[in-house]
Structures are given as structure tokens and as C-alpha cells.
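Peer 1: Just so you know, the sequences run in chain order A and B.
Once you know that position 745 of the first sequence is 745 in our numbering, the rest is easy, because the numbers rise by one and skip nothing.
Once you know that position 67 of the second sequence is 67 in our numbering, the rest is easy, because the numbers rise by one and skip nothing.
Just so you know, the hints here were simulated from the structure itself, not pulled from any lab data.
Just so it is clear, the structure is predicted and the values come from calculations on it, not from any experiment.
There may be inaccurate statements among the hints.
[Stated by the list, open to error] Which chain A residues stay away from chain B? Per the calculated CB distances, all over 12 Å, these:
| id | residue |
| --- | --- |
| 1 | Pro-41 |
| 2 | Asp-48 |
| 3 | Pro-50 |
| 4 | Ala-254 |
| 5 | Asp-302 |
| 6 | Pro-750 |
[As the list claims (entries may be wrong)] If the Cβ cut is set under 10 Å, some of the chain A residues that face chain B in the computed set are:
| id | residue |
| --- | --- |
| 7 | Gln-38 |
| 8 | Pro-464 |
| 9 | Arg-467 |
[Unchecked claim] These stretches of chain B come out as covered by chain A in the derived footprint (C-beta under 8 Å, 3 or more residues):
| id | stretch |
| --- | --- |
| 10 | 56-69 |
| 11 | 203-212 |
| 12 | 222-230 |
| 13 | 260-266 |
No residue lacks a Cβ here, since even glycine has one placed at the ideal position from N, Cα and C.
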Amino acid sequence: MWQIGPLAFAAPWLLLALPALPLLWWLLRVSPPAPRRQAFPAIRLLRDLPPTEETPHRTPWWLLLLRLAAAALVILGLARPVWQPAAGGGGGGPLLVVVDDGWAAAPDWPARIAAAAAAIEAAGREGRRVALLSTAPPETGEPLAATGLMPAEEARARLAALRPRPWPPDRAAALAALAAFRAAHPGEFASLYVADGLEHAAAGDAFTPLAAALAAAGPLTLARAGGRPVRVLPPPRAEADRLALRVLQTPSPAPTEARVLARTADGRAVAAATLAFPEGAREATAVLDLPIEIRNQVVRLDLEPEAGAAGVVLLDERFRRRPVGLAAAVETSADAPLTGDLFYLQRALEPYAEIRRGGLEALLARRLAVLILADREVPEGREREALTRWVEEGGMLIRFAGPRLAERPDPLLPVALRAGERALGGALSWERPQTLAPFPEGSPFAGLSPPAEVTVERQVLAEPSPRLAERSWARLADGTPLVTQAPRGRGRIVLFHVTANAEWSDLPLSGLFVDMLRRLVALSAGVQGGESEAPLGPLELLDGFGRLGPATPAAAPLPANRVEETAASPRHPPGWYGTPGQAEEAAWRRALNLSAHLPPPRPAAPPPPAARLVEIGGVPAERDLGPWLLALALVLLAADLLVSLVQRGLLAPQGARRAGRAALILLALAMPARAEEPEGAAALATRLAYVVTGDFQVDETSRLGLLGLSDFVNRRTAAALAEPHGVVPGRDDLAFYPLLYWPVLDTAPPPDAAAAAALNAFMRHGGIILLDTRDEGSGEGMNPGARAALRRLTRDLAIPPLAPVPEDHVLKRAFYLLQDLPGRYAGGQVWVARDQDRANDSVSPVIIGGHDWAAAWAIDARGQNPYATIPGGARQRVLAYRFGVNLVMYALTGNYKGDQVHVPAILERLGN
Amino acid sequence: MTTVPVPWAEALGATLPPLVVEAERVAATVMQGVHGRRRPGQGDAFWQFRPYLPGDAAARVDWRQSARSDRLFVRETEWEAAQTVALWRQDGPGMEWRSDRMFPTKRTRAELLLLALAALLCRGGERVRLFGLPRAFAGRGAVAALAEALPRQAPQAEDGRIPRHARAVLFGDFLAPLEETRRVVAELAGRAVRGHLMQVLDPAEETLPFTGRVRFEGLDGPDHALVPRVEGVRALYGERLARHRAGLAALAAAAGWSFATHRTDHPPEAALLALHRRLAPG
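Isolated chain A, as found in the complex (with noise of 0.2 Å):
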């Protein structure tokens, strides 16, 4: 190694060719280029010249000059120059290399590696062997252990598979792995710690004696980011119409700013909230306000500029709509309209919450957030008991008063009643229907403002009590509570005075209650209960850049009520978990995040005086510039020979022009081209298809039918048909093929959504499928389940209303005239669209039957049929090339023949 200022060289004794440079300069200039040839009509006058000039032509300055810069470039590079090698880490002996690769990693990870590689990049060239001890806990469980010396391309290998982890680093165990590693390796050796400046323990400081070992054991290089605060996402609070988002970072000198994204499962951002960090702070807040449509769309929170795994936020089931169990006394009559229990609650909370519906017992074996009991008494015993724990657990019980609950009041009440209920302005009443009071403050209707139209006829009423003030939440004009509600354990009862339905007053008509409810159920603690002891498991993982990915092996199943205070760690990466099979209903998951276990995040500890330090990134990254020069002395050869081409007189410029057009359409040409064979060669000719259906045989028999058919259409019509193909519904372009034969098979899985768009697709353009369950007529039996198979394949695709095939259908009249059309059974039904829909000139996009056609028309190698016709004769045959004829016709020229129906008509008319 040789260096001068930023510049070195890895093979210095290569420049000691350089002084052999003037010689290359006289054997250059010694010899004269050869002669440009040229030929000339007045070479007469040119013949015999005297000798005008005497100094013979030497080649020019600047071709010479050329060919030295060359040779100089060559040499050079050869030589290996290194621009700004990095420091090897200084001291003898290996190299160790310590990588946090935490959370806090992530952000500037590739600057990172980089620093890393361009200290191990150093110690390769100067010889030394490499080792590598990440800090954070691996995947697998095992304990942190630094590997063995390698060489440095190995290290720079296993450095660069390192990827940031989504859980902090454990230095006291990187600490133990570092006095292993000493121990087997005992001699001095320089390290290289490329630290996330953050203390990640809980108390105390993990950072300095880890810093500390490495600077004992030799030269420590500290490599840390400045500048940019590490932040950390929270999970948001839910609220009642928002989230309140806060975000936690390390002090940061100068003011900043960081940006919340919203988005939905799709990937899509919704919704976007800035937190503006003034100078120095810890934390900033804000608040997503988003419509609760949107808001249940929403599943993760996004933190930028990126903060890796600590700045996404998987949001559950807890942070979306709430689930709202409604129980009447009577079910059956529960739903009638305008006088049902639960009429008017179903409606009014539909839009903004998940309703649920059932027993007593059924509703609270889920989670819930919120349960409405409609005049419902609840009878002592087992459901009493899971209620009231249900609602000291957190759950809001709200329930409606009716007669029931007058006549008997039981103890899961807010305040106790008289019994019996209370009627205003009936027939015998001199009092008149209360209007509702302003609600008082500290209620959760505070703002509403309550209708003058409402009014209340009837209600049950409280026994009066010093509390019954404090507990009421809304009353009517005379003082009389309306709404009351009392805490019970974690949770809440909340009583209305009247009934769900309009029976004792007018408030379930008004908007009112809409919004009464709707602010109840916001005031719910979220979901409650109904968590078990059974494990989800780990089903998508965020990976240290937050980004979702496939669950690793190492990841285990998480009791689901042990969700909530479980922390990120190699055993529990956060990321979704549930139960596999429940996978597709999101309401099942839950969310563990990294963030909600984290501590604020703090800055380490100062590093030890002795370490030399770094920063991450800013520096240039060495360079090696050999191959580039190299590369520039090959382009300036090619120039030369260019030159001495022209000079020659074998390129004339415009010979050089042409060369030039040449070589471009060359690279044109060699550009890959872009397979379209197959498509493209479908589109050449007419042909018909049939699906594969991954059945050797069956495929064998389609391809051989359609291809008989075809065999038969070209000797006995006008239409030209190419060889059949097999298409792939979804993944082959249908739109060349005028008709889909379709065995169907009893095992037949259901089409995909990309097949089933390719075939509705091709139904809608005018494309015709035959469907064959092969089990029609004296088939009957032949192919058990291909009905059910028929109805699981077509579910999916736009297949009109059917009728059997009427007697004057262009089917039996495209070509020959048929009463029936057999395949290789004969009879049964042949159905087609029943309406006829003008959009596609009457043409019935599908044909489904059973009378296995295919075998009929099928023609093997030998020219014979292979399968017989049942119940047989040489007729049923000849029927069945002419269905197929006629099949082919009616899909090439849709109704044209059926217009050819009229001609008798017509020219009828014309003779008269």
C-alpha cells in the first residue's frame, strides 16, 4: 500500500513502468503510419513529383498522445489505485466487527453496512482476518455469539446478509459473547463498533461497558450516525371519532418534523398527520381525525421519514369499530318493523358499528365492546353471573326500560326503580308528555342539543337518591332522569328510562338517538372479554425495516390474552397473529407491535475516550478506481484504432456514419425480444379451444374431439379451422378463440378470480363455452358430481337465466337442420340463455349439456373414433358432427342463419 494524499495504491511496484513510457514515445514516432490508399482518375499529374517536402510524415502529436494516455491508464490501473481507502482500523492483529442491528438500526441501515464493509474492505487489503458480532438477539433464540476470524470477503458476505432486527439489542449479552470471543482468541485486535446511539436497556447503562471491553482489547473505532433524532410510533389511543397519536424521540438541537401516515390494508395512505418537534423535545402528539368508515379501513400507521419497525403501528380489531351485541326478551318480534325491540337500535348503529346479534351466552362468548339489553330482564344465574363479570371486566352494558323491567328490576341496574311505570299525559292524566331538559355538563350528550318534538309519554322511575343527581345523564323538563348510568367495577351500566321502540316515547325516531348511541358506544373501553388462553399464531411478521413478511420458523404462538403485554423479541417478532384458518376475517387478528413495549427512547452513554470516532455516512465511501481505468484505456484504444482505420482510408467518414447506423440497429436487434410467439400465433388462424382441466385423458379426448370437428367443418363447409388448442382460462388470452369446450370434471376446483374475470370477459365479447358434464341422457351416471361440480365452477362467472333449446333455435338450424343434437350420448336436455339478449345479437354466450361430445367427434392417429356412441348406430355419429357444425356456425355467425329463417317469408311477400 502506497498512498499520496487521498489517493493509494494497492500493487505500487507496477509504476516503476511508467519511466518505460518516452521509450513507447520514440518507437511510436520512428515509425511512420501506413499510407491512407486513394484511388484517382489524374493519377498522370501526380506521377513523378519532385520531393517538396523533406521531412518524412510522422504520425500526429495528438494520435501519439493519445496512445501514451493509454498506456499510462493501463498501467495505472493495473497498479490498483484506491480513492480514499479507508482506515484499517489501525493496531495489529484482526479485526472485529460490532454491529447494532436493533430497531433503531434501520433507518440508515445501508450506510451502516457500508461503514462496516469499508472497514473490512481496509483489513482484506491489508491482510488481516475479520470477525463479526451483531448485537441484537438472532431470530433463532440461540445465544449472541461473535463468529470465528474469516477472511474479509467471507465477513464481507455475512456482513452484508446482516438485516436490522424488530427488537432492541441486548449489549450485556453482546458483552458475554465479546468475553468468549476474547477467550478464544486471546492475542490484541482493533474493532470497529458501529453503534445506534441509543440506550436500550430499561435503567442503567448497557452501552458503556460494552465500549469500554472492546477499547480494552485494542483500537476501538466508534462508527455513529448524528444528526437525525431515532423516534419511536406508540400505539395511538383510540378515541371516540379519532386516534391521538404521539410520537417519542431523542432530543433533537434543531426543531424537526415527522409525518403519521394512515393506510388500509391495500397499502393506500388515507389519512396523514404532522408532528412538528420543536427544538430539544422528547414528544410531540396529534390526532387522525378520519370519518369511521375510513377509520375501520385503517390498518397500520406508518411513521416517516422511516423509522424501521418502531414506526409502524399494526392496528387490531381494538383500535377499529367497536362490535355491539343487541339482545331482546323476544327475538322473534325483536325485528318487526317500527314496533320491534330492536328496530330502531339495529338502524340506528348499523353504519358505525359491527352488530351482533344472539343469546345472552353466545354474545358474550366474543369479544364485545358494547351490549344493549332491550327491555330484557336478566335472570339469576349462569348469564348474570358472566354478565356482571363481563362488565367489571370493562364491558358497557346499556339497557332500555319496558314493561318487563318494570315489573321486575334486577340488580345490574344504575340506580334502583319503583316499580311499575309512570304514565304522562294519557287518557286519565292531567299531565302532559315531558320534553327533554338540556343534558347537563360532564354527560357525555353535553352539546347535543335534545328536539323540541321529542317528547316521552311514559317511563319507568328511579327511587330517589343523594346519587341519583350525579348519576343521571340526561333528564326530562320536570327533572325526572331520563338517561342514568353507574360504574360497576371497570365497566358501566347505563339505563334509558324509556323504550328501544317508539312505544313510550318519540326519542328512538329522533336523529337524537343516533347520536346518543353513538356516543355511548365511543365512550366503550374498546373490546372486552371473551380473550382465552388459546395461542394465536404468528401469521404475517414485521421484519426491522417494517415491512410485512412471511412468519419465520422461530416465531411461536402467543396466548391471545397475553397479546396486550407480551414485548417484541426474537421469540414473539411483532406482526400480526391469529388463527391460521380465521386468517381471512381481519377481525380475528391481533397486533403485536415493537413500540408498545418500548421505552422513550434515550441516548447512550458517551463512548470512552480512548475510541476514535466516526460518522455514519458524510464520508465519500472508498473507491476503487482500477477497472475505471482501465475501461478509459480501452475506449481511447478504440479510438486509436478508429483513427488509424480513417487514416488508412479503410473507414471513410461516411463509411464511419454508416458503421455508426449500422451497430445501432445491431444493438436494436440484440435487445431481447419480447416473446409474444405463442399469442401471437393463436391470432393467425380461427381455431376453437378447450379448457385443460389437468385430466391426461380427458384433455386428450377435448383436443382429439375438437380436432375431429375441425377435420370435419373443413371438408364440409366454408370455415377454415386450425388446429385446436388447449387454453389455461386466466393465464392464456381467450380472445382469439370463438369457442370454449369445457368438460367439466367432478373434481374440478372453482375458477380463480383471474379466470373467472378471462371468462366472463370472453362470455361478454361474444365468445361461446360449451360445458359438457358428460352425464346426460343414456350417459345418466357416467360422471357422478359433475352437477355439483358444474354449479361450483360457474358460480363465479355471468351465466344468464337457462332454458332447454327451443325447437326453432338457430342451434338447430346453422347449418343442417336438427331435431336433436347428440354427442356421445343421446338424449336429455341441451340448455341455452333463455332471454335473448339484443346486447350480443341473441346469442346465448354459454351451451351446457352432458351428452359428452368431444368423444363423439374425437378422431385418434388411425383416422377412427375410439369411443362408440351410446346407445350407437352410425346416425347418432353423423348427428353429432352435424351439432358440432352447427355449433361451430352458430359461434362464427352468431344469428345470421336465424335471419335466413324469414327467407320463405320474405319472398312470399316480394312474389305477392
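Mind docking chain B on chain A? Use the hints.
Peer 2: Relative to the frame of chain A, chain B by itself:
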């Protein structure tokens, strides 16, 4: 076949008035033309009335003149004959050469001029013939026939069948030694044929634009010349070319011929106009 499209040559000729060749003495041909022979014969112009002699056809009697007196008169017209112009263009590999694709070859340009001149002459009623071909061309379609016949013309401008007192126009680069050209011209002049030499050169042959070390190779044979530095000999070459041209002009003048030069990068109209000037009377 010639490489020049006939319509092009005709279009080129159409820009000039029809060419009637100045002729003190017209070649002895019997063909009718516009050159009066100052004696009775076939023609349109009135020559004289002469008394009817026995043996004259009755149809020849000019009855209007005869009615003025008692004698019968016969109307005689002047014998008008056409001049014959013999054309030749030089052939050979040297004529196929060009220095740049932008320019036509010398042969192409020579043929273009030849055909355009022929078109002019035919419109003027003159007769055109090629060296080495037995018959002359005249009238409509002559240019096309001439173009057809061009490849069959004699390699040298020597043809004993050229009538005396005809005119000749020779196109070529005339880079051959002066003696050869002198022999051809003298031979023609010996038969009282007057003519014109039109030297067609490529611009590179005039300016020698090459640079550096160049090995020049002749087109006719293995002849070659290595010039170490072309820039240095350019002036000398120009001098030699000028001397060669002066020689050509001198030998033409000695035979009563004229001499002009044309470059393929110049418009052909200029050369055609020069030819028209020299051949037309006055």
C-alpha cells in the same frame, strides 16, 4: 443503357431555346433541315419561279403566278438541309469515379449533358449521331433512341462515317496524354469537321483535397504514386492541371475547335448554356 433518365435530360434541355447549329457549310446529306443550300430543292422557303419545261409535272405549276401572263411558271423552293452533329462521351473506369457520394460520376454528368444537347438539337430540327453508329437520329423520340444506343458507341472518337462538314461535340475528362487527344481532333478536323471539347472533371481532380500520407492508385492499371504529404504537392498539382488544360485548349484552337471545362459539382445548366452559345449562330 445509360444511367441518365431521358426525361431528366429533356427537362434540362427544355430550359433553353431549340438549338440550330451554326453552319456555313452543311454536311452533305439529303435530309431536309433548316439550313438553306442556296439552290432549288426540297424545302419550305420560296426560291424562284422558273418557266415550265416539258417534263415538269402539272401539279408543280404555280397557277397563281401563271395566270398573270401567258406563260406557265413552276415554283421552286430552296433546298433546306439539316446539319449533322456527332456526339461522343468518353468511357472507362476513370469516368466512373467520383470523390464523394454527393456528386454524380463524371460519366453520368457527361451523358446528361450529351442527351440534353441532343434534345436541344432535335428540337431545332438537326440530326444527331453517335460515333461508331451507322445511323443518325432526328425528330421526336430521338433522345430516347440515343440514350438506348449510348452504350454501343465507339470507345474512341474515331468514325470514318462522319460526313464532311458535320459538327462534333466530345465530352470527357481528357486526362489522357495530349497527343492522343490531338490525334483524334486532327483526324476529325482533316475531314472539315468542326467541333467542341467539353472537359468534365470531378471537383477533387481540380482541388486535390486530400491530406497526409496517401498512396494514389490509378483506375486503369497498376499505376500508383505515393505522396508523403499531399498538402505539399497541391499547388504543384494545380499547376500541372492548368498546363494540361492549356494544352487541350491550344490543340483545340489549332484545329478550329473550342474547348470548355465543367465540374460535376457545378450545375449542368451552366455547361449546357455554354455549349448552346458556342454552337448557335451569332
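Peer 1: Please write out, lowest number first, the hints stated earlier that are contradicted by the structure.
Peer 2: Of the numbered hints given earlier, those the structure breaks are 1, 2, 3, 8, 9, 10, 13, listed in rising order.
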